[in-house]
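Number of protein chains: 2
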Amino acid sequence: MAPTDLDRLIQLLAKLPGLGPRSARRAVLHLLKRREALLVPLADALKDAAESVKGCTVCGNLDTSDPCAVCIDPRRDPSLICVVEDVADLWALERTAAFRGRYHVLGGTLSALDGIGPEDLNVPGLVERARGPEVTEVILATSATVDGQTTAHYIADCLSDCGVAVSGLAHGVPVGGELDYLDDGTLSAALKARRPV
Amino acid sequence: MAPTDLDRLIQLLAKLPGLGPRSARRAVLHLLKRREALLVPLADALKDAAESVKGCTVCGNLDTSDPCAVCIDPRRDPSLICVVEDVADLWALERTAAFRGRYHVLGGTLSALDGIGPEDLNVPGLVERARGPEVTEVILATSATVDGQTTAHYIADCLSDCGVAVSGLAHGVPVGGELDYLDDGTLSAALKARRPV
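Taken in order, these protein sequences are the chains called A and B. Residue numbering for the first sequence follows the numbering used here, beginning at 894 and increasing consecutively. Residue numbering for the second sequence follows the numbering used here, beginning at 894 and increasing consecutively.
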């Protein structure tokens, strides 16, 4: 048993995704052995994040400024809005550096099982943005799951009278993927959407 | 790409054992969504730990007091010292509540590969404690690896003129273990050390 003061730290760390009680104990010992190099900077970085990071009122991204750095960047194309489920998806798209428009974070997907309805997602904010004069296209980048695609259809309906083009991500063979390991749905989608070489 | 201020937090979290860049990003989003319930308490707990946790000068345990809670507990048997490699091992033994003596943390094992020699381990402190009038037995609870057993032999040599009994953990079949999955070394050790039922 760890001393009680450390127990609390272990319990808190064990609540992080990917860590359990055992790995949280290892992490705490790792931190205590690297006090100046890791423990103190991590405590400070967490405190800073708790104080300074907020949700962007325009797109829902998390950043230290509001509106966020993406929304205020003048080099980004204001005519494109990419709709994502979560901030994690926004960060994933940003890492590719393939999209130079702006984002809109829904905060989840419609889900009958989890009791998430349209009122739980930030769709009104999206409709309002889509009515803006400079927006010409909304890209629906929700997951290729049943819930994600249901949500995409619902949003496409909501946007039908906003005068914007609505598109979705292409389905197909993942880059670097082997055909043999692909599921039937992806393979038939890739075949249907075949392109001239 | 996450905003730069968050990037630093992600990089620090990714240095914890069991977390990589991807799981650190997930953890940061998890924390930011639970600001009051998790992020602020975790930052405070880390700060507290950085300020208050220190190594016990007697046994090498990590605790908020020095000597640690185990060393100053009057209900614990001062005649027994259990030698462990690391604080993690001490905590593991404490969780079993099967040992009511005191501990001595070596801080590692002898290892030719990693360049760890006798001078890197806290053996002089152990020898000094073993010469104390109340100590009657030293239990060597180092790992059952080559390095761990080498270290145990080295320590047994160092303790040979201290007038204490030196013992080691029993080898055998793990409780709940199936014979079929055990390695040959453990099986033959368990057979050699067989006991009347």
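Don't take every hint at face value.
Taking lysine-lysine pairs in the BS3-like style, the calculated list, with each CA pair at most 25 Å apart, reads [what the hints assert, rightly or not]:
no., chain 1, residue 1, chain 2, residue 2
1, A, K926, B, K947
2, A, K940, B, K947
3, B, K940, A, K908
4, A, K926, A, K947
5, B, K1085, A, K908
6, B, K926, B, K908
7, A, K940, A, K908
8, B, K908, B, K947
9, A, K908, A, K947
10, B, K940, A, K947
Which residues of chain A face chain B? A partial, calculated answer using Cβ under 10 Å [what the hints assert, rightly or not]:
no., residue
11, T897
12, L899
13, G913
14, A943
15, D956
16, T957
17, G1018
18, V1068
19, G1070
20, L1072
Where chain A lies over chain B, by a calculated footprint (3+ residues, C-beta under 8 Å) [unchecked claim]:
no., segment
21, 907-918
22, 1018-1024
23, 1032-1042
24, 1048-1056
Hints were generated in silico from the structure; no laboratory data involved. Every residue, glycine too, gets a C-beta built ideally from N, C-alpha and C.
Hint check:
no.	hint	result
1	A:K926 to B:K947	holds, 10 Å
2	A:K940 to B:K947	holds, 22 Å
3	B:K940 to A:K908	holds, 18 Å
4	A:K926 to A:K947	violated, 32 Å
5	B:K1085 to A:K908	violated, 44 Å
6	B:K926 to B:K908	holds, 22 Å
7	A:K940 to A:K908	holds, 18 Å
8	B:K908 to B:K947	holds, 22 Å
9	A:K908 to A:K947	holds, 22 Å
10	B:K940 to A:K947	holds, 22 Å
11	T897	holds, 9 Å
12	L899	holds, 7 Å
13	G913	holds, 9 Å
14	A943	holds, 5 Å
15	D956	holds, 5 Å
16	T957	holds, 5 Å
17	G1018	violated, 18 Å
18	V1068	violated, 18 Å
19	G1070	violated, 19 Å
20	L1072	violated, 26 Å
21	907-918	holds (count 7)
22	1018-1024	violated (count 0)
23	1032-1042	violated (count 0)
24	1048-1056	violated (count 0)
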